[in-house]
Amino acid sequence: MTEAPALVEGRLEAHLRARRQQGRKLLVTYVTAGVRADWVQVVQSVVAAGADAVELGIPFSDPMIDGPTIQAASVEALRRGTTPAGVLDAVTSLEVEVPLCVMTYYNIVFRAGHRRFAQSLASAGVSGAIVPDLSLEEAGEWCREADDAGVATVLLVAPSTPEDRVARICARSRGFVYGVGRMGVTGERGELAGSARRVARRVRAATDLPVCIGIGVSTPEQAAEACLDADGVVVGSALVRRVLEGASPDEAGEFVAGVRGRLDAGA
Amino acid sequence: MTGSLMGSPDPSGRFGEFGGRYVPESLVPACMELEAAFAEAWDDPAFHDELDAVLVGYGGRPTPVTECRRLSERLGIRLLLKREDLTHTGSHKLNNVIGQALLAGRMGKRRLVAETGAGQHGVATATAAALFGMDCVVYMGEVDTARQALNVFRMELLGAEVRPVTSGSRTLKDAVNEALRDWVAEVDHTHYCIGSVMGPHPYPYIVRELQRVVGEEARVQCRQLLGGADPQWVVACVGGGSNAAGTFAGFVDTDAVLVGVEAAGGAAMGHGVPGVVHGMKSYLMQDEAGQIEEAESISAGLDYPGIGPEHAHLATIGRARYEQATDAEVLDAFSLLARTEGIVPALEPAHALAWVARQAGKEIPHGATVLVTLSGRGDKDVAQVRDLLA
Ligand SMILES: Cc1ncc(COP(=O)(O)O)c(C=O)c1O
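Taken in sequence, the protein lines are chains F and E.
According to numbering that gives the first Met the number 0, the first sequence is numbered sequentially starting from 0.
According to numbering that gives the first Met the number 0, the second sequence is numbered sequentially starting from 0.
Please note: incorrect hints may appear among the correct ones.
[Unchecked claim] If you anchor each label on the Cβ, the simulated ranges turn out as follows:
no., chain 1, residue 1, chain 2, residue 2, range
1, F, Glu162, E, Leu130, 54 to 64 Å
2, E, Asp331, F, Gly139, 26 to 36 Å
3, F, Arg143, E, Gly317, 55 to 65 Å
4, F, Ala17, E, Thr315, 22 to 32 Å
5, E, Leu387, F, Arg115, 42 to 52 Å
6, E, Met106, F, Glu190, 25 to 35 Å
7, F, Glu250, E, Phe131, 49 to 59 Å
8, E, Met106, F, Glu244, 53 to 63 Å
9, F, Glu253, E, Leu130, 27 to 37 Å
Hints listed in this document are in silico derivations from the structure and should not be mistaken for laboratory results.
Cβ coordinates follow ideal geometry from the N, Cα and C atoms, glycine included.
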């Protein structure tokens, strides 16, 4: 492990570490905020079904690292008039016992202003942020404001990331490290890419922060396979597709419970 | 900021405060590899020899500067046109594409992906792929495949696969997103051949350097025509801004007033504010929340809500001005050039002509010397203009 995070451990990291400590594999679920009128109930339902943290997608007009499912959800959420402020308002009154992160693209952050956005997350009770188009080199200013506001900026390590960068990214990441499971955009795949477990091992070797693998983790089996090397997984498109297809909050919860059960059953 | 105006960007890929590299981590190493490969190639005389040989022997360079006699008389100015419409494939896009394809070859990549709006960059990329025996996939918004159907067929004729893009506004900006998505998944063997001075570092720099030939040739040619003087005004249309950047690079250290002309419905400098999309920080048309707005113009090639970061910088420091032309003015200018000079321009450079026609005798004083980059020929637009004028 390289440098330990210089900061006080935030809520996201503390929570995930504590659950890992109990021998539990971590399940982070992604939901596009505003995709349906009852998206908040979907969030509550997936938490009740055993998610350890929820990633709330604030929709962006040009989601370049997202595949067709999350693109469609973003289009739908924007069509419904979803705004960053509206999402954070809804989150403020949301009572769930796990930490919430937002996932959005950098222009949303930049347009609001770093400090204002960080503070608005903090006051809405959001404890982490994932901004996938903000590379390590560009992340400095935002990360400082987020740190000051007590919001953990989760950085990503990709299969293509060279070794020295893995160490630097892990040193700057807060909360957990997001291991990109495959080269490509978000979306369901028939099988887990070989790169997923390799990335998990490389991150593991560089940091003691929890490592969760996302992008292309679509089934309970794939989640369990990734967790042979990772501390957890991020499941997005597989859940969002069900929501787009009309799954009720309970049905969305059942899918998540299936993943939870498979992770708890072990390898 | 290192170097002089229109030199290299700073180590973070910035021109002033604009530019940078805002891409997912998966693509960062590819951008770094490209940056290193370009630096090495651009320092290598053998690369320049190879590039120049293709541009001359295949591309038809140098292109002439034509002095407009009847139109000059009509406008009361001395109007010169840099004739990129005479480049093989009919626009300046070839200059960029030949360079990037050679670069891809040096990096061992045999597959090119590109976005296209009007289809000119797609045609140029398909052409280079055919010439060098590479695979080629072109992403084009569904709106554009309809209005530029002939160019779709041209690309297919050249052996490229054209993939219509149905996401978002289904125009150029969405085609860029799709090309980036393809690149992330196929980056090992694929080069993203971006079509303008936009995208993450090093693209805005690479594309400007590859288009610099336009401005450098024009400067020498103008001096011959103008008795050793430089033109007083240098005007080019701006979508992403590559023909303008290449042109301006030849004149930035002269006294010429540099003018970029945007489509009124796609005016990132005119209506935008700073933001980040497609890997770069620049001026963008966007709403209060930061959602990118859809551009709307008669010309598919200028239907882009952003602008290359170096233009944002040139505007900020006051070295270049950015103006607009409306669809109606553009149609007038299109016909005007055809009738007075026997040259049918593409709708994109007709924006530059339209602004000059509007300002001649007003902001542009009577008798002033004006160079306009005629970035492409109008064949692709003839059917659309016929319908619009009907
Ligand atoms: C003829 C022509 N000119 C100009 C443009 C706009 O591109 P840029 O601003 O990069 O020169 C296009 C784009 O398709 C074009 O086809």
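Kindly indicate which numbered hints from before are broken by the structure, ordering the numbers from low to high. 1, 2, 3, 4, 8, 9
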